[in-house]
Amino acid sequence: MTASDARPLSRRDWLLSDRPASRMQARLGRAYVAWRRFSANRLAFLGLLIIIALLVVAAFADVLAPYSPTIGDLKNARLLAPSAAHWFGTDDLGRDIYSRILFGSRWTLYVVILVAVIAAPIGLLVGTVAGYAGGWTDAILMRITDIFLAFPKLILALAFVAALGPGIENAVLAIAITSWPPYARIARAETMTVRNSDYIKAVQLMGASPFRIVLRHIMPLCISSLIIRVTLDMAGIILTAAGLGFLGLGAQPPLPEWGTMIASGRRFVLDQWWVAGAPGFAILIVSLGFNLLGDGLRDALDPRSGDQ
Amino acid sequence: MSGTLLDVDDLRVDFPTRTGLIQAVRGVSFSLGRERLGIVGESGSGKSQTGRAIMGLTPPQARVSAKKLALDGIDLLAMPARQRRALRGKRIAMILQDPKYSLDPVMSIGRQIVETLRTHEKVSKAEARERALAMLEAVQIRDPARVFDLHPHEVSGGMGQRAMIAMMLIAGPELMIADEPTSALDVTVQLDVLGILDRLVSERGMGLIFISHDLRLVASFCDRVIVMYAGKVVEQLKASELRDAQHPYTRGLLNCMPRIGYERHPLPVLDRKPEWAA
Amino acid sequence: MTPAISIDGLEVAFDRFRALKGVSLEVKSGESFGLVGESGSGKSTLLKAIAGLVPAKSGSITVNGKTLGARRDKAFYREVQMVFQDPYGSLHPRQTVDRLLQEPLAIHGFADGEQRIQRALDEVGLGNGFRFRYAHQLSGGQRQRVAIARALILEPSILLLDEPTSALDASVQAEVLNLLEEVRRRRKLTFLMVSHDLAIITHMCERLMVMQNGEAVENLTASQLIGHRVEKDYTRNLLRASEGFVRTA
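Protein chains in written order, with full-length UniProt numbering: chain Z, 1 to 308; chain H, 1 to 278; chain U, 1 to 249.
Hints in this document: simulated from the structure, not taken from any laboratory.
Do not take every clue at face value.
[Unchecked claim] Chain U regions said to be covered by chain Z (calculated; three or more residues, Cβ under 8 Å):
id: 1; segment: 100 to 112
id: 2; segment: 131 to 144
id: 3; segment: 193 to 199
Everything numeric in this text was worked out from a predicted model, so none of it was measured.
Glycine residues also receive a C-beta, built at the ideal position from the N, C-alpha and C atoms.
Start from the sequences, fold in the hints, and give me the full structure.
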């Protein structure tokens, strides 16, 4: 073709090109711009590192953990203080707390991901349909949402778990059921702002069905604010799961779930602080990681913070 | 130069952005007496940023520099921010395009005018009200006492823009900058508002900078016209001599608008030359 | 020959506000018809009522001989398309030009999408370099060209134009008006164009209707308007206003 093709384009120029030559290039370019904005924010980057570390730990817990998470040495190793042999000490059953925390990360991820996968799509669907349809549909869907919102999250989750029976699966279900309403609210608000825009009218004038408009034109606009909100909520989800575990309604011993670990360490908190302290610290770090990541994503993805 | 009200020499406005420096205004120079000066250009020509820089309303991240930017001999750029603020409204006033965004929505129109007056002059409340009503009458609002108590959303666009003019003129400024003051209005209302502005400016002997994209409107309203392109002045001429404009950009801009009674199919389009921006 | 658009006693109301108070109109096939008026005259509402974006309270709308009901079917949208006023608001912010143009083809099940998109972009003078750009990577004029391409891609016979150039600079406006005239000539389209600017309407249209407060003021041909042969004072006022500011000494 022309001379400009002869000179090798740097990868950065190719990504930032304002006349992309293919669908792929356009999409990658957009992702690259968001990534640049995200990585310019150091704290957000730290959050991302924490979450990546969590993923790695969860994936390789078998390899990384020096001891079994469930079988302790009751005879010799009860309630030992942190040392070179047991980095975070041992609990009342002689189990290595460091190993238990490593394995516990799997349960934390399990809870967080399942809740996000269940709650976010429900919220998105309810919100966009209510916002786009308006009228009766909107009124009914939103009143249902209001009923869920009227109860404090933990209390409602408690009620569900009490009805379904304790256990980590039921805890996940209970948290998911209680956390979709805010997402529905956000998606509805977002839908209302774009519903009357000319570009949605233009699609209506193409003869598109309401279903198609919601699915292909409105939902993609709501997704970035939803991702941000879900990420910011992750910390809350972990805490709720830990709370349920602490109250004995979530994961059941001997499962190394962090909240349950705190609950069983409560009895020794004054003399053997590490038994409850170590999992508490793990929850703190991971929650912080999700919060920082969420804030960074807000800056990188939020369409309102200036175009591009 | 006793007749000079505003002296602008080599005015520059730069916006630093992530992708580099954007030069919105690149060395604009002109001087203004007690006359009507039009600044014309298309979007991105820097006409609005020129007005804002004179007014001191440039966004904080931008850099404004000039060899000279003086109002009545006073250097505006060397002035402390406080003094500059005091000058705004008192000696320089500005009207923006849409009164809906420039009037305070929760305060009645009358109170806004009174407030403006009282920040610049020490007058009693009763006297301020008196003068505000007189001002509303001067902008040809038929029932000033009623409009005085209305809120901006309760009046039409034309009425809002008149109220805006009243508010801007109440402290008796010497220089008025009007940035697209009538673009948001219907054509018939547009002429009424322009008529009012025209009369007040000439009665009070003010200087007026009229910023607009509409070359023909500016030519019929102003004494002198500055044409801007890409942050620079490409041509300066008397409004009456617009027909004899030399620069191809000015001529192109004049030609490309459809006119009633002049059939041209297709319309001549502007062939932008890179050297215009150089 | 059946008229392209025929409207009889059309009423549109928003809550208690009567936006259109019984307007009648007939646009011949292949004709370019203008609607002129100030804000609140109901000219845009009339277009939206035809497109089915606002519901009609009473009266009838007939397009190419078919009287329309409350709902528009897919076939209607292959006959009638619309270009909006604000080029910054009428393109989806998260879709590339390619995706925007594909959508109507996907909805109506066209198989030769690839060629049609190429052709549509060429026709509006954009070419392939713009195909994978997002709306924010385009200027106002380019966006309006994309909007025109989108309207033309279903090959309608009638184009509704709602102030298509009022948000554009004068020089860009000329380019877009020329483009519209060219596609109309080439495709033998019927235009129904709304504008507040008499000069644009006389330039683009053969006949026009002046509107005020939801009612028709008068029907004119472009040459009547050019010759100032108008009946109503309101039209005369509009004409005078369009000639610019005149200082009364």
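Against the structure, the hints come out as follows:
1. 100 to 112: holds (count 4)
2. 131 to 144: holds (count 5)
3. 193 to 199: It is violated, with 0 qualifying residues against the three required.
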